[in-house]
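Peer 1: Sequence:
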Amino acid sequence: MEEKKLDINSIIGFVLIFGILIWIMYQNKPSEATIAADKAKKEQVIAAEKAKENAVTMPSATSNVVIAGDSIQLAQAQKTLGGFAYSATLPSAKNDVTTLENEVVQLKIANKGGYVVEVILKDHKKFDKNSGQLVELVKDNNSNLNIQLLTSDNRTLNTKELYFEPTLTKVGADQVLSMKLKAGANEYLEYKYILKPNDYMVGFDLRSQGLNKVLNTAKPLDLEWSMKTYRNEKSISYENRYTDIRYEYEDGKDNYTGQGKDKEETPAKVSFIAFKQHFFSTILLTDKPFVTSKLVSNNLVNDEKIDTIFTKHLQANVPLAFSNGEIDYKMSWYFGPSDYKTLKQYDKNLEKIIPLGWGIFGWINKFVFIPLFGFLSSYISYGIAIIIFTILIKIAMSPITFKSFLSQAKMKVLKPEIAELGEKFKKDPMKKQQETMKLYNKAGVNPMAGCIPALIQIPFMYASFQFFPSAFELRQKSFLWADDLSSFDQVVKLPFHIPLYGDHISLFPILAAIAIFFYMKMTSGDQQMAAPQQEGMPDMAKMMKYMIYISPVMMLIFFNSYGAGLSLYNFISNLITIGIMIVIKRYFIDSDKIHARIQENKLKEPKKQGKFQKKLQEVMEQAEAQKAKDKKK
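Residues in the sequence shown are numbered consecutively from 1, following full-length UniProt numbering.
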């Protein structure tokens with residue numbers, strides 16, 4: 001067999017073929033730009049696949065734009081939305097915060113959700129003031145702000161799950177933070193926060209631009225604001241009593257949700273909503289009133305020994321109406337003390353959230369108590385101011401007190417004659433009443449004169465029950481053994497809990513109870529001496545005897561957890577009243593002179609009956625006539 005050999009032509013052919021292959025491979029080698037592009041494309045595909053797992057699709061006229069709730073907000077590629085090209089890898093798509101701060105308040109606004117996630121009041125400390133811990137109205141997700149965005153294909157997006165892009169600037173001395181939730185280069189929802197120096201009020205402009213292309217504007221957007229209110233005071237039950245939602249509606253009216261487990265109100269045309277705690281408040285104000293609202297308050301303190309962190313869960317739902325396809329609201333946030341003077345200076349009726357009482361009670365607080373106490377406390381300590389304040393109020397009321405005691409003295413002098421009439425007309429109660437009224441008229445004595453002065457003093461007493469618990473200036477102000485006049489003045493800590501009373505002993509309520517006991521002991525004796533016993537009526541003497549003991553016990557029990565300032569006021573008030581009574585009886589009321597004057601009045605022509613006496617006489621005569629008519633039948 002012939003052996004095959006490799007000739008020179010074959011070698012040359014293999015070399016040429018190998019060279020051609022090398023040249024072809026070299027010519028088709030991808031450039032560095034092409035490699036980078038391919039790599040980016042692969043990364044985009046991988047990221048887009050991951051985003052699909054928790055993304056919400058927002059459709060537009062030309063393409064689908066993906067808004068994710070985690071690390072990216074729009075798809076990792078150039079897309080078009082309403083004709084605008086927009087690359088969507090946002091640096092703000094992370095859990096960062098922006099801080100706004102002035103002399104009195106510090107705010108932190110989160111990229112995620114765009115709302116305030118922390119509020120610290122720099123001038124106010126929590127109930128344990130020695131710890132130095134500042135009051136924090138918002139922290140650790142106790143508050144949320146969310147707007148539901150309804151897309152044109154009826155999908156729902158929640159702003160609290162989306163990322164806003166922050167831009168912080170200064171305009172003069174003001175700090176301005178723009179938080180934009182972008183759907184394109186010129187399509188966004190914006191929260192604008194404006195913080196001025198030394199101010200608790202924060203401007204809050206809420207507007208949209210270009211979102212009418214992707215949102216359903218046929219119905220308003222739903223804004224939901226909620227908060228679990230933190231405990232900031234020593235007595236959580238006392239603080240909880242004054243925590244609720246307050247609001248202004250229908251051009252100046254004000255109201256509140258009240259206490260209880262589940263309270264709900266649906267006012268219309270709401271101009272502000274206040275999540276009011278005892279001494280601090282968070283308020284949302286709007287220049288354009290919300291057409292409707294739903295306000296819900298839920299009590300979180302079922303057992304004050306266990307539930308010691310939060311007081312209530314408060315929630316407000318309001319509609320944001322579109323105007324020409326866009327949202328545009330000028331609003332404000334107030335984060336600060338529930339102090340009447342501080343709130344009033346904003347001239348937006350915010351002082352209405354302070355529970356000063358309705359009608360005449362509120363007028364007394366606004367025009368008498370607040371100005372007078374404010375003047376006194378600006379010069380002297382708060383405890384001494386309460387004492388001087390109480391003395392001035394009692395001195396101003398002393399003429400009324402004098403008239404009341406004088407009337408009781410006159411009735412006391414007439415008591416023997418009234419008793420004679422009672423015996424004479426024992427079998428005819430109606431006739432006895434008629435003759436008694438004639439005796440009063442002849443003697444110039446008005447049986448109602450003793451009641452009217454007492455009734456006049458009631459509004460001042462009730463006003464004090466509203467004023468002192470609401471007086472922010474008493475917070476953490478000490479006097480004698482009380483370290484905080486706005487809370488209870490504990491002198492003994494009990495190792496057990498007494499129902500209604502508590503687990504401590506407060507001293508000012510004990511002193512007030514003792515003063516009430518002696519005051520009622522003195523007044524009840526006079527009233528029993530002055531008022532004759534009426535047939536068919538309950539035994540008033542026994543009732544008054546019981547009240548002498550019941551009233552102090554009620555003061556002792558219910559005021560044990562109340563603010564020491566109110567108990568101090570009641571103690572001093574009753575002490576002064578006792579002193580005034582002693583002075584009036586000893587130096588101004590002479591029973592012999594009163595008796596002589598009454599006898600002189602009897603000899604004169606009877607005074608013209610007042611409207612009340614005349615009406616009462618007519619009623620008696622009609623009743624007597626009817627009685628006689630019935631007997632004939």
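Just so you know, these hints were derived from the structure itself, not from any lab.
The reader is advised that the hints may include incorrect statements.
Result set (BS3-like, lysine-lysine): computed pairs, CA atoms no more than 25 Å apart in a straight line [unchecked claim]: (1) Lys-196 - Lys-125; (2) Lys-139 - Lys-219; (3) Lys-294 - Lys-330; (4) Lys-139 - Lys-234; (5) Lys-126 - Lys-477; (6) Lys-125 - Lys-477; (7) Lys-288 - Lys-196; (8) Lys-219 - Lys-234; (9) Lys-263 - Lys-108.
Each pair of labels, with its calculated beta carbon distance range [said to hold, decoys possible]: (10) Asn-154 - His-497: 15 to 25 Å; (11) Asp-205 - Lys-403: 54 to 64 Å; (12) Lys-219 - Asp-303: 41 to 51 Å.
Glycine is no exception: its CB is placed at the ideal position from the N, C-alpha and C atoms.
Peer 1: With reference to the structure, classify each hint as holding or not holding.
Peer 2: Tested hints:
no.: 1; hint: Lys-196 - Lys-125; in the structure: holds (22 Å)
no.: 2; hint: Lys-139 - Lys-219; in the structure: violated (33 Å)
no.: 3; hint: Lys-294 - Lys-330; in the structure: holds (20 Å)
no.: 4; hint: Lys-139 - Lys-234; in the structure: holds (20 Å)
no.: 5; hint: Lys-126 - Lys-477; in the structure: holds (13 Å)
no.: 6; hint: Lys-125 - Lys-477; in the structure: holds (12 Å)
no.: 7; hint: Lys-288 - Lys-196; in the structure: holds (22 Å)
no.: 8; hint: Lys-219 - Lys-234; in the structure: violated (46 Å)
no.: 9; hint: Lys-263 - Lys-108; in the structure: violated (31 Å)
no.: 10; hint: Asn-154 - His-497: 15 to 25 Å; in the structure: violated (54 Å)
no.: 11; hint: Asp-205 - Lys-403: 54 to 64 Å; in the structure: holds (59 Å)
no.: 12; hint: Lys-219 - Asp-303: 41 to 51 Å; in the structure: holds (43 Å)
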